[in-house]
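Enquirer: Quick mapping for you: the protein sequence lines, in order, are chains A and B.
Positions 3 to 341 (our numbering) are the ones given, in order, by the first sequence.
Positions 120 to 384 (our numbering) are the ones given, in order, by the second sequence.
If you're looking for bench data, these hints aren't it; they were derived computationally from the structure.
Using N, Cα and C, we set each Cβ at its ideal position, and we do this for glycine too.
Hints may contain errors.
[Claimed, not checked] Covered stretches of chain A (chain B as the covering partner; in silico rule of three or more C-beta atoms under 8 Å from a C-beta of chain B):
# : stretch
1 : 223-235
2 : 305-315
3 : 321-332
What follows is each chain in one-letter form.
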Amino acid sequence: MTYRWFSITLAGAAILGALPAFAQTEKAWTAPRTPDGHPDLQGIWTNKTITPLERPKDLGTKAFFTPEEAKAYTQTTLERNNKDNRGGGVRDVLNAYNAFWWDSGTKVLRNMRTSIITDPPDGRIPPLTPHRQAQLQEQAEAVKVRCQRPGCAITNGGQPGPADKAEDLDLMTRCISFGTVVPMLPSAYNNDYQIVQAPGVVAIDTEMVHEVRRIPTDGSPHLPSNVREWIGDPRGHWDGDTLVVDSTNFTGQTRVRGADENLHLIERFTRVGPDTLLYQFTVDDPTAFTKPWSGEIPMGKTDGLLYEYACHEGNIGMKDIIAAAQADEKKAAGQPAGK
Amino acid sequence: MRNLLRASRFTLGSVTCAALLTAIPALGQAPASNRPDLTGIWQALNTANWDLQTHAAEPGPDPAIGAMGAVPPGPGVVEGGEIPYLPAAAATRNQNFKNRWSADPEIKCYMPGVPRATYMPYPFQIVQGSDTILISYEFADAVRLVNMKNAGSAPADSWMGWSAGHWDGNTLVVDVTSQNDQTWFDRAGDFHSDALHVVERYTPLDANILMYEATIEDPKVFSRPWKISMPLYRHVEKNAQLMEFKCIPFSEDVLYGNSGKEAAR
Chain A
3 MTYRWFSITL
13 AGAAILGALP
23 AFAQTEKAWT
33 APRTPDGHPD
43 LQGIWTNKTI
53 TPLERPKDLG
63 TKAFFTPEEA
73 KAYTQTTLER
83 NNKDNRGGGV
93 RDVLNAYNAF
103 WWDSGTKVLR
113 NMRTSIITDP
123 PDGRIPPLTP
133 HRQAQLQEQA
143 EAVKVRCQRP
153 GCAITNGGQP
163 GPADKAEDLD
173 LMTRCISFGT
183 VVPMLPSAYN
193 NDYQIVQAPG
203 VVAIDTEMVH
213 EVRRIPTDGS
223 PHLPSNVREW
233 IGDPRGHWDG
243 DTLVVDSTNF
253 TGQTRVRGAD
263 ENLHLIERFT
273 RVGPDTLLYQ
283 FTVDDPTAFT
293 KPWSGEIPMG
303 KTDGLLYEYA
313 CHEGNIGMKD
323 IIAAAQADEK
333 KAAGQPAGK
Chain B
120 MRNLLRASRF
130 TLGSVTCAAL
140 LTAIPALGQA
150 PASNRPDLTG
160 IWQALNTANW
170 DLQTHAAEPG
180 PDPAIGAMGA
190 VPPGPGVVEG
200 GEIPYLPAAA
210 ATRNQNFKNR
220 WSADPEIKCY
230 MPGVPRATYM
240 PYPFQIVQGS
250 DTILISYEFA
260 DAVRLVNMKN
270 AGSAPADSWM
280 GWSAGHWDGN
290 TLVVDVTSQN
300 DQTWFDRAGD
310 FHSDALHVVE
320 RYTPLDANIL
330 MYEATIEDPK
340 VFSRPWKISM
350 PLYRHVEKNA
360 QLMEFKCIPF
370 SEDVLYGNSG
380 KEAAR
């Protein structure tokens with residue numbers, strides 16, 4: 003408990019101290035207000051970027067690109083990411099959509115940072131605790147042993163995993179969550195979020211598999227700790243012109259880069275310009291990470307609308323993945339595969 | 120001359136438009152600040168999700184759970200009592216009714232479409248923003264963004280359709296188009312085609328009750344437009360909130376089958 007308080011205070015201080023240069027230059031600008039007097043965060047925002055979550059190791063403690071460096075990084079990244087370059091192997095089959103289908107952006111973050119992560123200073127996720135490392139290692143071993151037998155398939159992560167029943171497949175394959183919500187991190191496409199605001203509530207609709215966050219700002223307490231939700235239980239409050247969202251009650255299964263069910267996510271949303279919503283987050287999970295880590299993304303306004311992404315309703319692949327794994331098992335057991 | 124005529128016609132058109140625009144407030148439309156705020160958590164309190172039409176109690180699909188699984192009776196929510204099916208569509212509805220315990224898309228955790236999302240036995244939350252009214256449904260995490268400005272037209276059909284809203288006095292009117300033909304209206308097999316057009320009206324009766332009306336039009340399935348109506352009640356409990364009901368895990372056994380078992384259906 004003491005540890006938790008200490009770490010949150012530290013993380014908060016880190017965020018405050020790091021108000022980015024681009025925000026300061028737009029200081030003269032004041033955010034529009036909703037009728038109840040709070041900053042108006044409404045609009046359609048995108049976090050698509052080619053800036054990585056973690057800083058490439060060869061950049062060391064270099065936190066910002068110069069314009070020339072940004073240009074060079076952009077060029078090499080776009081070339082590397084070009085999905086029309088086909089190299090063969092499993093990646094030529096798995097997720098092998100052409101470049102047309104991807105929409106992960108063509109630009110680095112407008113704050114010129116070399117990583118989304120701002121703290122620790124090396125821009126990388128801190129090591130897992132020995133306890134969490136052992137736990138994940140044990141799970142990985144169990145999968146390895148399990149997959150010496152039939153009934154496994156190559157999963158989205160590119161590794162074999164059990165596939166003969168739905169609950170063994172990852173949340174993305176099952177269309178439950180793509181991990182783009184807590185925290186709100188960019189992905190390969192659909193990086194659009196719409197914020198709608200009313201007195202006592204802020205709603206964030208995520209285009210990726212229509213995950214909706216309904217954030218009460220009425221001072222109500224978190225759900226009791228026995229209730230766990232895939233995207234956690236968010237509670238918001240206004241800290242000056244910033245919406246602060248505090249989420250707990252996670253399942254531990256959404257795998258926020260190794261986080262477990264004790265994940266405590268703190269997010270800050272600030273309008274810093276007519277077209278910029280500054281998104282800052284701190285991942286605090288003392289049982290999973292050796293220290294908290296923070297990041298920020300200046301999200302840009304977009305002109306388009308959000309569209310419905312009905313993932314589960316069209317998840318034909320699931321049926322085939324499971325049927326194939328079950329057929330493999332039957333075949334190995336000497337039974338006719340059947341239908 | 121023709122050009123001149125065209126020009127003058129154009130001018131006339133513009134004048135008419137301008138006259139209409141200024142006339143709107145005179146038609147009784149409240150200014151923006153006086154509009155009712157529908158923000159809140161709402162729920163229907165009826166058996167429309169079982170069957171829109173008047174229906175008696177009957178046994179449910181699973182005798183093992185006894186009375187808990189029975190279908191509750193209901194006086195119905197259809198104005199005039201009956202849904203005006205075209206003859207061929209009536210046959211399809213009867214077929215759906217026979218297959219309802221396996222064919223209802225609710226079983227599969229598919230987004231329920233409009234108006235069914237409104238009267239499923241789950242709460243939904245309205246967040247009334249400035250240009251957009253977001254409606255978040257607990258069931259399947261379904262969501263609609265009701266565009267109050269320029270909705271344009273839908274680029275493609277979808278499960279929850281395309282919602283364009285406007286105010287008619289104190290009533291929020293939502294015009295819903297471009298729904299696909301995959302959703303049902305209830306567990307009794309009432310259905311529609313992709314030609315479905317729904318006009319919803321949300322009218323506050325007092326601070327905690329909305330009167331909900333939906334006019335349903337689908338010339339491929341019904342002989343004329345028809346209407347359902349029901350009150351929606353505000354959740355006034357202190358701890359009222361939509362909780363997470365991502366129902367995909369509950370549908371997977373039925374949809375995909377589990378280890379060693381064939382798909383159940």
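Enquirer: Evaluate each hint against the coordinates.
Expert: We went through each hint and held it up to the structure:
1. 223-235: holds (count 5)
2. 305-315: Answer holds; 7 residues pass the 8 Å Cβ test.
3. 321-332: holds (count 5)
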